[in-house]
Structures are given as structure tokens and as C-alpha cells.
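Top to bottom, those sequences are chains R and X. For the first sequence, position 192 matches number 192 in the numbering used here, and the numbering has no gaps at all. For the second sequence, position 115 matches number 115 in the numbering used here, and the numbering has no gaps at all.
To be clear, the hints were calculated from the coordinates, so they are not data collected in a lab. We treat Cβ as the ideally placed atom computed from N, Cα and C, and that holds for glycine. Honestly, I wouldn't trust all of these hints.
[To be verified] Sample of chain R residues lacking proximity to chain X, with all beta carbon distances greater than 12 Å (derived):
id	residue
1	Val162
2	Lys182
3	His436
4	Arg464
5	Ile487
6	Gly614
7	His633
8	Arg647
9	Val700
[Claimed, not checked] Quick list of simulated restraints, FRET-style, between CB atoms:
id	chain 1	residue 1	chain 2	residue 2	range
10	X	Thr8	R	Val694	31 to 39 Å
11	R	Asp662	X	Lys115	25 to 33 Å
12	R	Trp690	X	Ala98	16 to 24 Å
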Amino acid sequence: MFFLDHIYLIPLLPAFGAAIMFFFGRKLQKKTVNAVCVGAVGLAFVFVCGAVWQYLGWADANHHQPFEKIVYTWLGTDTGQSNYLTKDGTPTSFGADAGFLLDPLSSIWLLFVTGVGTLIHIYSTGYMAHEGGYYRFFGYLNLFMFSMLTLILANNYVLMFVGWEGVGLCSYLLIGFYFHRKSASDAANKAFITNRIGDAGFILGMFFIAWIFGSLRYVDVNHLAHSGKFAIGDPFITAATLLLFVGACGKSAQLPLYVWLPDAMEGPTPVSALIHAATMVTAGVYMVARSNALFVLAPSSMKVVAIVGALTAIFAASIGLVQNDIKRVLAYSTVSQLGYMFLALGVGAFAAGVFHVFTHAFFKALLFLGAGSVIHAMSGEQDMRNMGGLSSKIRITFGTMFVATLAITGIPPFAGFVSKDGILWETWAHEGTAFHLLWGIGYATALMTAFYMFRLIYLTFFGRKRMSHEVEHHLHESPKSMTVPLIILAVCSIFAGFLGWPHSLGGSDRFARFLDPVFSGEAQVLVEGGKSAQLAAGEKEEEHTSSTEYLLMFLSVAAAGLGWFMAKRSYEHADKDYAEPIAVAAPPLYKTLLHKYYVDEGYDYVFTGRRKLGDVRLGVMGLGEASSWFDSHILDGLVNAAGWVTRLLSSISSWWDKWVIDGIGVNGPAILARVLSYPARLVEWGLVQWYALVMTAGLVGFLFYYVYH
Amino acid sequence: MDSLLHITTLHYLVLGAALFLLGVIGVLTRRNVVVVLMSIELILNAVNLNLVALSRYWQGMPLRMGGGPLALHGQVFSIFVITDAAAEAAVGLGILIAFFRNKETVNVDEVNLLKW
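Input sequences plus hints: build the corresponding full structure.
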């Protein structure tokens with residue numbers, strides 16, 4: 001039980017690698033960086049294999065329960081004191097453990113994340129060999145692996161959120177790896193900010209869960225959700241699941257928050273492969289699958305998930321039809337495939353969705369790494385209009401990418417055929433005719449997928465060489481460190497499908513059975529809720545309508561073949577002035593698609609406010625302008641008004657002081673004294689002789705008075 | 001006639017009154033400060049004359065009424081007045097000189113600064 005007991009080492013190994021890179025990386029040789037970082041992830045892969053192997057043995061003896069390992073109490077206390085009331089008034093204490101949970105769902109994610117991650121690390125040693133910031137790149141990659149593994153292994157939503165934010169941070173750092181390029185740092189900001197919107201939903205969803213269930217531990221939440229205490233369609237659970245789905249939309253690039261993912265292609269190609277195709281963007285799918293017990297209780301949320309997934313699938317695929325940047329085509333393809341996964345989750349086919357995540361990880365990583373190899377060969381050129389005829393020059397890249405294309409378009413028996421067909425079949429089989437419409441959308445998306453993928457193949461590897469002579473001269477196959485991962489991933493893309501080979505084709509769908517312990521509760525609840533259990537019904541129906549299933553299978557293979565044929569006819573002999581068939585048939589449509597339905601522009605108008613709508617600026621910048629206006633006119637106006645009033649009062653006061661106090665109080669008596677002094681002055685001549693005369697007169701007067709008295 | 005030629009105290013008093021009147025008129029009417037001062041001397045001397053005349057008259061009175069040969073108060077008083085007149089003339093002339101240095105005049109009607 002060594003691996004299970006020390007399961008916490010799985011995320012910690014890459015964390016050590018990242019720490020070494022951040023503290024000492026600058027001084028390390030490239031060889032040491034390779035040894036530490038690739039070694040850490042490779043070792044994590046070995047640990048994962050060991051842990052899953054031991055878990056399989058352990059689970060057989062323990063009724064296929066999830067294995068939980070709690071290392072310590074991370075948030076809250078274990079004193080048992082309650083600190084909040086749940087919705088039904090029970091006192092509960094908030095808490096989260098640093099705990100790890102291993103069950104079939106996390107096993108699958110662990111396996112492909114560390115497996116594909118190791119391959120991409122190896123590939124990066126070749127791809128990034130001539131780039132600056134080598135240790136930084138690998139430090140970020142290892143930090144990403146740590147965050148992703150924390151996200152997967154967490155035994156509660158809070159710890160999952162830590163990993164969730166960690167991968168968001170690493171995604172930001174790696175998209176902006178070429179930070180001296182403005183477009184790259186803009187794209188990094190865009191990804192980070194768009195993800196914040198989703199994360200806000202996730203946090204609110206967590207609050208709802210803590211409020212409703214009194215715990216954030218998956219085991220507790222699932223147990224309560226299965227207990228039958230909650231009615232199907234409970235509005236609070238619906239709200240919680242919808243908010244969680246908002247988080248998933250941000251991380252997994254669904255409508256309307258998908259806009260960051262195509263721009264994320266500014267990062268180095270291995271990053272696009274690892275984070276923006278195979279692993280991180282599937283975190284939303286993981287979270288929804290992890291919360292399946294809640295989503296089953298909220299059928300309207302499930303419908304929202306299915307509809308958003310289907311719309312995203314066809315929306316992104318239609319944009320992908322006309323893009324010219326090789327990585328952007330793949331980015332829209334990723335968004336589209338993620339839409340498929342959510343469609344599957346939304347119709348309750350959790351296993352099918354997870355299976356598509358699993359197969360998609362291989363072929364999409366392979367496509368990105370192949371694209372990276374092409375870009376490497378083309379000396380950095382990414383525009384497919386300047387490529388062509390590369391198949392003979394870079395044979396291994398061409399061969400592996402071709403395999404991946406067959407896989408993604410759903411040509412049997414490659415991996416994508418099995419998983420995508422499973423989703424389409426489950427959608428069709430879901431009761432309610434509206435789901436036939438969703439199937440129709442998924443089917444149209446499959447056709448588009450085939451078209452844009454083979455367009456990519458033909459424009460890149462066939463037709464005339466359209467690059468400059470200098471570039472043509474430098475064409476070369478990539479080093480072994482890059483081609484070997486391509487080959488391994490190609491092998492996986494061919495054979496991964498057999499793990500979930502459906503019953504109707506003589507397989508046993510081992511993948512879905514492996515996941516049964518995680519998703520089986522769903523069927524129970526549906527039965528208890530009095531609704532016809534979708535899974536059970538699906539199984540019954542399967543036997544009755546296997547002819548329908550064969551028909552659908554044939555139709556989707558036909559769609560893949562049709563897309564291939566159309567792309568071949570249009571682009572096989574593409575020369576410098578080749579024509580886009582959509583541009584010829586419907587120029588306005590082509591223009592709309594080329595500009596991605598003007599969504600970014602629309603967001604600029606409505607949400608960011610970088611563009612003005614007439615004279616009005618909306619969105620964040622509009623809010624900023626309005627705030628600025630409010631500040632400078634209203635608040636400053638109030639300030640100025642206060643100042644004006646003060647000045648007015650002070651001038652009144654000054655006038656009062658000057659005229660009333662000084663005038664009447666001080667100068668008044670003085671003036672009075674002066675006025676009154678005038679009569680007294682009249683006798684003050686200043687002439688001595690007059691005084692003498694008066695004196696004499698007085699003397700004479702007295703004399704007369706006394707003499708004649 | 002005899003009585004006319006016989007000079008009595010009354011004659012002195014009439015002379016003193018006349019001198020006093022002349023002095024007063026001089027003080028009141030003359031513009032020159034020097035003349036004013038001289039008129040003041042005239043007044044003082046009129047007083048002296050009265051003092052001396054009445055003192056002499058007093059010597060002729062009986063002893064029991066305070067008279068007699070030793071009733072010389074008036075005589076002594078007149079010597080004080082003379083002394084005082086000399087001192088006063090000295091001070092007055094001193095002021096006059098200081099005044100002349102400032103105003104270049106000795107006319108008393110041009111000196112009217114000492115008022116409100």
C-alpha cells in the first residue's frame with residue numbers, strides 16, 4: 001500500500017521540481033533542468049500508476065468505495081464547535097482538509113494528466129531548446145502539474161478550488177511566457193480575467209453547497225445527495241449546479257466564456273498542448289462529473305449543460321472551418337470537442353463524456369505537438385496559407401498528425417470514433433425529441449470537424465509548397481525528443497478507443513464499467529425520484545434499437561468521410577492562390593466566420609468598452625468613464641459646492657466684520673466722538689493771546705460779580 | 001492842593017492799576033513776543049508796586065492789628081516776584097529762540113499749533 005499511503009507525493013513531486021526551478025533555476029544547466037523537471041513529472045506518473053494499481057486491488061476488497069487519505073485539517077478546526085447554520089438549520093462547522101481522494105474518476109484523470117504531461121515535458125526539452133527562460137518555462141510547467149494534480153486529487157471542493165486557481169495562474173504565466181510581446185501579455189490577461197468570471201460562479205456554487213449540505217467534502221455531499229432527502233429539481237441545488245457550471249464554462253471554454261482559449265495560443269506550443277488542449281481545459285468537465293450526484297438532482301441544470309455544450313460545439317467548429325493559423329484551428333477544435341464533452345454530461349452520459357476527455361487528451365495533444373513540430377520545421381511560421389507540401393519533408397510529424405486527424409474525425413477504429421459516437425448515441429437515446437435536435441447539432445459538428453481537420457492536413461502537408469525559398473531550405477524533421485512523444489501519442493490515439501469499445505460492436509465497454517462506482521448513484525436517484533432511469537432505460541433501449549445505433553454509427557462515419565472528401569477536393573492541390581470553398585459559395589458567411597462571428601468585437605462593445613457604441617461607451621471602461629464623470633462632476637461638484645458655500649459664508653462674515661463690527665462697533669464711537677468734538681473745538685484757537693483775552697474777560701467778569709453782588 | 005501833592009497809598013494803587021492795565025493791553029494786542037514778554041514784566045512790576053505800597057501802608061497800622069515797623073511781608077514778596085520775573089523772562093526768551101529757529105518768526109499770532 002506504499003503508493004496509496006503516500007498519495008500526497010503525487011502532487012508534491014512536481015511542486016518540488018517547481019520550487020527548485022524558482023529558487024535555483026537560473027544557475028542550473030539545461031541538462032539539470034531536464035533531469036529535475038521531466039524527472040519529477042515522470043516519477044509522478046510512476047506513482048500514479050502504482051497508486052491506481054494498488055487502488056484497484058483495494059477497491060475490490062472495499063465495495064469499490066473511493067479511497068480517501070486525509071493528511072491534516074487545513075481550514076477550520078477539529079474542536080467540533082459549530083460556526084454556521086445550514087439551510088435546514090443544523091449547526092455545522094466550516095472546514096476543509098488537506099485530503100486526497102482516489103476513485104476511478106480521479107484515476108483516469110491522473111493517468112492521462114501525468115502520462116500526457118510527461119510526454120509533453122519530454123517534447124518541450126526539444127521544442128524549447130533554443131528559447132530563453134528555459135528554467136522558467138519548466139518551473140511553470142511543473143507548477144502547473146502540481147496544481148492540476150491537486151485539483152484532481154482533492155477530496156473537497158475547497159482544495160479543488162486551490163488547484164483550480166493554481167492551473168489558472170500557470171495558464172496565465174505560460175500564455176504570457178513571451179511577455180515582451182504585447183499580444184501575448186494581452187492574451188494572458190484575457191484568459192485570466194475571463195476565468196475570474198467563471199471562478200466567481202464556482203465560489204458561489206461552493207457557498208451554496210456548504211449551505212445546503214453543511215460540508216464541502218465529496219463523500220459527504222454525494223452521500224447526502226443520494227440519501228433521497230432532496231427532491232429532484234430542488235431549486236437550491238439547481239442554483240448551486242448552475243453556478244458550478246458557470247465555473248466550468250470559464251475553465252473549459254464554453255459559450256459565452258470561450259473567448260480566451262483561441263487567444264491562449266500565444267503561448268508556446270507545448271503549453272497549448274498540455275494546458276489548453278489535454279488537461280487544464282478538461283477541469284470543468286472533471287468538476288461537473290465529480291458533482292454528478294448534484295447535477296442529477298437538477299434536471300434543468302443538466303439541460304443547460306447539454307444545450308451550452310452542443311451550441312459551443314457547433315459554434316466553435318464553424319469558426320474553425322475558415323481559420324488560417326494552424327494553432328487557432330486546433331484551438332477552436334478544442335473548444336468544439338469540449339462542447340461535445342459537456343453535451344455528454346448534460347444528457348447524463350457521464351462515462352461517455354469522460355471517455356471523450358480521455359481519448360481527446362491523446363489526439364488533441366498529439367495534434368498540437370504535431371503543429372508545434374510543423375512550426376518548428378517552418379522556422380516559426382504558423383499561417384497555413386504559407387505552408388503546403390510538407391508531407392515528404394517531415395514524415396514522422398505528418399504520419400502522427402494524420403493518425404490524430406483520423407482519430408478526431410471519428411474514422412473507425414481510432415479512439416475518437418468510439419468516444420464521439422458514444423456521445424452522439426447517448427444524446428439520441430435520451431428521451432425527449434428535443435435531444436434529437438441536439439444530436440443533429442452534434443452530427444453537423446462532426447461533419448465540420450472532419451472538414452476543418454482535413455483542411456488543415458491538406459493545406460499543411462499536401463499541395464504546392466507555398467513558403468519562401470529560405471524557409472523551404474531550412475525544412476527539417478524535429479529532433480528525437482519531439483518525435484518520440486508524437487509516436488507514443490499516435491499509438492495511444494489508435495488504441496485508446498478499445499478501452500471503451502461498445503457492446504454493439506462486440507466490445508464490453510470496460511471504461512464505463514470501470515467508472516460505474518462513481519456514476520452509479522445517478523441511476524439510483526433517478527429511480528427513487530420516480531422518473532424512468534435514463535441509464536437503465538438506455539440499456540434496455542439499446543437492445544431494442546441496436547439497428548438505430550448501427551445506423552447512427554454509419555451516418556457519423558459517412559459524415560467523417562464526406563468532410564474528408566470535401567476537404568480533399570478543395571485543398572488537395574492548393575496553390576498560392578487557392579480558393580476557400582465557403583468564400584466562393586457565400587462571401588458574407590465566410591467573412592463572419594473569419595471574424596469569429598464578431599464576438600470579440602461585441603464583447604469589446606458591451607463588456608470591456610474598448611470600442612464605443614456610437615457615442616456611448618459600455619462595459620467596464622464605460623463604467624470607468626461613468627465613474628470618472630461621476631467623480632469629477634458630482635463628487636468634485638459637491639466638494640466645490642462646499643468650498644463655494646464656505647467662501648460665500650466667509651465673505652459674508654468678512655463683510656459683517658468689516659462694516660458692522662468694525663463700522664458700528666469700533667469706528668462708530670470714534671466717529672461719534674469726532675462729531676461731538678466739533679463744538680468743543682471751536683473754542684480751541686491755539687492763539688495764546690485769545691486765551692489771555694478770555695482769561696482777562698473772566699477776571700473782569702468775576703471782578704464785576706463780586707463788586708456788584 | 002496839599003492833599004493832591006501829598007502822595008498817599010491810593011496814588012500808588014492807581015499807578016499800579018494803570019501799569020497793570022497797560023501791561024494787559026500790551027499782552028493782548030502786541031504781536032511781537034518780545035513786546036508781549038515786556039508787557040508781562042509791566043504787569044509784574046504793577047503788582048510789585050501794589051505789594052510795596054500796601055506793605056508800607058501796613059507798617060503804619062497799630063501793632064495789635066499786625067502792623068508796625070516789622071510788617072515787611074509785602075516788601076519781601078515783591079523781591080520774590082522780581083526773582084521770579086527774571087527767571088520767567090529767561091525761560092520765555094529761551095522758548096522764543098527755539099521757536100524762532102523753527103519758524104523764523106516771532107509773531108505770536110502765527111503760533112497756533114497748540115490746539116485740537
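Verification of the supplied hints:
Distance check for R/Val162 against chain X: the nearest CB is about 97 Å away, which clears 12 Å, and the non-interface claim stands. Once the 12 Å rule is applied to beta carbons, R/Lys182 is consistent with being away from chain X; the minimum gap is 89 Å. With a closest Cβ-Cβ approach of about 120 Å to chain X, R/His436 is found to remain outside the 12 Å limit, as its non-interface label requires. Every beta carbon of chain X lies more than 12 Å from that of R/Arg464, the smallest distance being close to 121 Å; the non-interface claim holds.
Against chain X, the non-interface label of R/Ile487 holds: every CB pair exceeds 12 Å, the least being about 124 Å. The Cβ of R/Gly614 sits about 83 Å from the closest Cβ of chain X, beyond the 12 Å cut-off, so the non-interface label holds. Every CB of chain X lies more than 12 Å from the CB of R/His633, the least distance being 64 Å, so the non-interface label holds. No beta-carbon of chain X comes within 12 Å of the beta-carbon of R/Arg647; the shortest separation is about 44 Å.
At roughly 10 Å from the closest C-beta of chain X, the C-beta of R/Val700 falls inside 12 Å, breaking its exclusion from the interface. Separation of X/Thr8 from R/Val694 is about 35 Å and conforms to the stated range, judged on CB atoms against 31 to 39 Å. Between R/Asp662 and X/Lys115 the C-beta distance comes to about 29 Å, which sits within the given range of 25 to 33 Å. For R/Trp690 and X/Ala98, the hinted distance range of 16 to 24 Å is satisfied, since their beta carbons lie about 22 Å from each other.
Checked against the numbered hints given earlier, the structure breaks only hint 9 and satisfies all the rest.
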